[in-house]
Structure formats: structure tokens, C-alpha cells
Amino acid sequence: MNWRSPYILLVIAALLWGGNFVIGRGFAATMPPFTLAFIRWVVAFLFFLPFAKNELVANIPLWKREWKTLFWMSLTGIVGFNTLLYIAVHYTTSINAALINAPTPALIGLLSFLFLKEKVYTRHIIGIVFSIIGVTWIVSRGSLEALLSFSINKGELWMLVAITSWSIYSVIVKKNTGRLPAAGSFLVTIIIGMIILAPFAVYEWIVDKPMTITFTSILGFLYIGIFASIGAFLSWNKAVADLGPGKAAPFLNLIPVFASIFAISFIGETLTSAQLIGGAITIFGVLITTGVIEKRKHLVHRRTNWRGQRQR
Numbered sequence: 001m002n003w004r005s006p007y008i009l010l011v012i013a014a015l016l017w018g019g020n021f022v023i024g025r026g027f028a029a030t031m032p033p034f035t036l037a038f039i040r041w042v043v044a045f046l047f048f049l050p051f052a053k054n055e056l057v058a059n060i061p062l063w064k065r066e067w068k069t070l071f072w073m074s075l076t077g078i079v080g081f082n083t084l085l086y087i088a089v090h091y092t093t094s095i096n097a098a099l100i101n102a103p104t105p106a107l108i109g110l111l112s113f114l115f116l117k118e119k120v121y122t123r124h125i126i127g128i129v130f131s132i133i134g135v136t137w138i139v140s141r142g143s144l145e146a147l148l149s150f151s152i153n154k155g156e157l158w159m160l161v162a163i164t165s166w167s168i169y170s171v172i173v174k175k176n177t178g179r180l181p182a183a184g185s186f187l188v189t190i191i192i193g194m195i196i197l198a199p200f201a202v203y204e205w206i207v208d209k210p211m212t213i214t215f216t217s218i219l220g221f222l223y224i225g226i227f228a229s230i231g232a233f234l235s236w237n238k239a240v241a242d243l244g245p246g247k248a249a250p251f252l253n254l255i256p257v258f259a260s261i262f263a264i265s266f267i268g269e270t271l272t273s274a275q276l277i278g279g280a281i282t283i284f285g286v287l288i289t290t291g292v293i294e295k296r297k298h299l300v301h302r303r304t305n306w307r308g309q310r311q312r
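Once you know that position 84 of the sequence shown is 84 in full-length UniProt numbering, the rest is easy, because the numbers rise by one and skip nothing.
Any given hint could turn out to be false.
[To be verified] Distance condition first, Cα-Cα at most 27 Å in a straight line; then the derived DSS-like pairs of lysine-lysine: (1) Lys68 / Lys175; (2) Lys64 / Lys119; (3) Lys175 / Lys238; (4) Lys175 / Lys64; (5) Lys64 / Lys174; (6) Lys247 / Lys119; (7) Lys238 / Lys68; (8) Lys117 / Lys247; (9) Lys175 / Lys247; (10) Lys247 / Lys174; (11) Lys238 / Lys119; (12) Lys68 / Lys117; (13) Lys174 / Lys68; (14) Lys154 / Lys247; (15) Lys117 / Lys175; (16) Lys53 / Lys64; (17) Lys175 / Lys53; (18) Lys68 / Lys53; (19) Lys53 / Lys247; (20) Lys53 / Lys238; (21) Lys174 / Lys117.
[Said to hold, decoys possible] Label pairs and their calculated CB-CB ranges: (22) Trp67 / Asp208: 40 to 46 Å; (23) Val161 / Ile133: 18 to 24 Å; (24) Trp72 / Val202: 19 to 25 Å.
Derived by calculation from the structure, the hints in this document are not laboratory data.
Positions of the beta carbon are idealized from the N, C-alpha and C atoms, including for glycine.
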């Protein structure tokens with residue numbers, strides 16, 4: 001097996017991100033969200049600094065010039081998405097959170113149309129509609145009564161805000177592709193994120209009950225700081241550079257798959273029929289949006305024509 005294959009790297013990235021949902025849920029009872037996010041990025045910073053230090057120092061004038069862009073990247077991607085995710089899993093299961101994360105590619109496509117004036121095709125609209133239906137099914141537990149009475153778990157609402165934050169981050173990254181060195185800019189956004197998170201984390205330390213640090217929690221910190229942050233980031237970016245974002249995007253659908261497997265195996269969560277149905281509808285919508293189903297139809301059509309020609 002070629003571990004440098006971009007397809008293997010995409011699976012690794014999805015697996016590591018899937019674990020992040022479960023680790024976040026596992027910390028829900030013992031670690032407040034801003035503190036967990038702060039510790040995550042401190043660990044990521046310490047681990048990544050030796051690898052990106054030269055690029056960081058060499059581009060100081062660029063960082064000063066682009067500080068507004070870097071600030072918004074940090075606020076939406078480093079601080080926003082991850083902290084909101086950790087808030088969400090205080091109130092909902094990691095499986096639900098991961099499934100609600102699934103329509104992110106469709107939302108990125110919508111925001112790219114609104115702010116970057118990218119073309120929108122019929123498949124994008126159809127895919128977004130399916131994704132909305134799927135997420136609605138998940139958050140309402142498949143109950144029309146729950147939807148009409150708006151009795152929706154607030155954790156799922158937080159997760160919707162989280163994926164909106166990540167989608168905004170992705171649009172900012174798209175707009176600035178090629179202008180900012182990847183490793184150095186990532187390190188700068190981590191530094192900005194730690195500065196933003198620090199006062200909120202200190203507040204939690206003051207007002208919340210004492211947080212017990214165990215060997216298991218240290219392993220959790222290392223996982224989310226190194227593997228879910230640096231490992232997933234490097235794997236994803238390398239694969240996207242080789243294949244392009246269009247071919248990479250469908251692999252995000254593996255995140256809820258891995259998150260569900262980990263959640264059932266390690267923290268005893270169960271998969272409900274509403275999650276299965278809603279997740280399937282959502283992922284189907286994303287596959288339409290990213291063009292996978294359309295490409296598959298064309299491939300089958302070409303194979304059918306080729307076989308027909310051979311039979312002649």
C-alpha cells in the first residue's frame with residue numbers, strides 16, 4: 001500500500017477528524033469547551049513550530065500586511081469551528097454532530113456563489129436541498145411535531161453555527177489561495193487563535209469546577225492537538241494539492257462514518273434510525289453537489305457504449 005497516495009491521505013484526514021468529534025464528546029463532562037480548544041491549539045503550536053518556524057520568520061512583512069485576512073481565518077477556522085464543535089458535543093452526541101457536519105461542502109459551494117461569484121449549477125441547488133432535508137431530519141429526530149414546535153437540541157443548533165463558521169473560513173482560504181504560504185499562515189492563525197481563546201479559557205478556569213488532568217486526558221490532548229490538527233491538516237492539504245478540491249471534497253463524507261464507528265466502539269453511543277436516514281439523505285445531497293453521482297453516470301454510460309461497440 002502506498003501511504004503517500006492522495007486517496008489514502010484523504011481517508012487518514014477523515015479518520016483523524018472523525019476521532020476529534022468523539023474526543024470532544026468524551027471531554028464534555030470534565031473539560032469546558034474554550035479550555036479544550038485552547039489546550040488543543042497550544043499542543044498543535046508546540047508540535048508544529050519546529051517545522052514551520054523558518055517560513056513563519058521569513059514572511060513577517062507578509063503577515064503584517066495580511067493581518068486582517070489571517071485574523072478572520074483564525075476567528076472562523078481555528079477558534080470558531082472547533083470551539084463551537086466542543087460546545088455542541090456538550091449537548092448532543094458526537095454522531096449527531098458529525099452528521100450535521102456532512103453538508104459543509106454544499107454550504108461552501110453556496111457561500112462561494114454569494115461571495116466569490118463562482119458558478120452554480122443545477123446539481124448544486126439539488127444537492128443543497130437534499131442536504132438541508134437530511135440535516136432537518138437529523139435535528140428533528142424524524143419528527144414533524146418536534147420541527148414545528150422547534151424543540152431541537154441546542155447542541156445541534158451550535159453545530160449548525162460551527163459548520164457555517166468553517167464554511168466562511170473555507171471561502172476565505174479559497175479567495176487567498178496562492179497568496180499565503182500554507183505552513184506559515186497556518187501557524188500564524190494558531191497563534192492568533194490562542195490569543196483569542198486565552199481570556200475565555202482563563203474565565204472558565206475561574207468560574208468552573210476544578211478540572212482533573214489524567215493520563216487519559218493527556219492522551220486526548222495529544223490526539224486533538226497533533227493528529228486531528230497537524231496530521232489531518234497536512235494529509236488533507238497534500239491530497240488537495242495533488243487531486244484538487246473537487247475530487248477531495250467527497251471524502252469529507254467519511255468523517256461521520258468514522259465518528260460513528262468510534263462513538264459506538266469507545267463511548268457507547270448508539271445509531272438511531274433518524275440518524276441513518278438523515279445521514280444518508282445528507283451525504284446523498286453532498287455527492288450530488290460535488291458532482292460524484294453525475295460523473296458516475298457518465299462513467300457507466302461510457303462503459304455501456306464501449307461494451308456495445310465491442311459487441312458489434
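Verification of the hints:
About 13 Å separates the Cα atoms of Lys68 and Lys175, which keeps this hinted pair within 27 Å; it holds. Annotation: proposed proximity of Lys64 to Lys119 is violated, straight-line Cα distance about 33 Å (limit 27 Å). About 19 Å separates the Cα atoms of Lys175 and Lys238, which keeps this hinted pair within 27 Å; it holds. Taken as a hint, the Lys175 and Lys64 pair is honoured in the structure, with Cα atoms around 18 Å apart against an allowance of 27 Å.
Between Lys64 and Lys174, the direct Cα distance comes to roughly 20 Å. Compliance with the 27 Å bound is thereby established for this hinted pair. With a C-alpha separation of about 17 Å, the suggested pair Lys247 and Lys119 falls inside the 27 Å cut-off, and the hint holds. At roughly 26 Å between alpha-carbon atoms, Lys238 and Lys68 fall within 27 Å of each other, so this suggested pair holds. Proposed proximity of Lys117 and Lys247 is supported: the alpha carbons are some 21 Å apart, at most 27 Å.
Of the supplied pair hints, the one linking Lys175 and Lys247 holds, its CA atoms being roughly 19 Å apart against a limit of 27 Å. Among the hinted pairs, Lys247 with Lys174 is consistent with the structure: their alpha-carbon atoms are about 15 Å apart, no more than 27 Å. At most 27 Å may separate the alpha-carbon atoms for a hinted pair to count; Lys238 and Lys119 meet this at roughly 26 Å. For a cut-off of 27 Å, the pair hint linking Lys68 to Lys117 stands: about 21 Å separates their Cα positions.
Taking the CA atoms of Lys174 and Lys68, the gap is near 16 Å; set against the 27 Å cutoff, the hint holds. For the suggested pair Lys154 and Lys247, the alpha carbons sit about 33 Å apart, so the restraint of at most 27 Å is broken. Annotation: proposed proximity of Lys117 to Lys175 holds, straight-line Cα distance about 11 Å (limit 27 Å). Taking the CA atoms of Lys53 and Lys64, the gap is near 16 Å; set against the 27 Å cutoff, the hint holds.
A threshold of 27 Å between alpha carbons decides the hint, and for Lys175 with Lys53 the separation of about 25 Å falls inside it, so the pair holds. For a cut-off of 27 Å, the pair hint linking Lys68 to Lys53 stands: about 21 Å separates their Cα positions. Using a Cα cut-off of 27 Å, the hinted pair Lys53 and Lys247 is violated, with the two alpha carbons roughly 31 Å apart. The straight-line distance between the Cα atoms of Lys53 and Lys238 is roughly 19 Å, inside the 27 Å bound, and the hint therefore holds.
Note on Lys174 and Lys117: the hinted pairing holds, with a Cα-Cα distance of about 12 Å set against a maximum of 27 Å. Taken as a hint, the range 40 to 46 Å is violated for the pair Trp67 and Asp208, whose Cβ atoms sit roughly 32 Å apart. Judged by the Cβ atoms, the range 18 to 24 Å given for Val161 and Ile133 holds: they are separated by roughly 20 Å. Take Trp72 and Val202: their Cβ atoms lie about 24 Å apart, and the range 19 to 25 Å holds.
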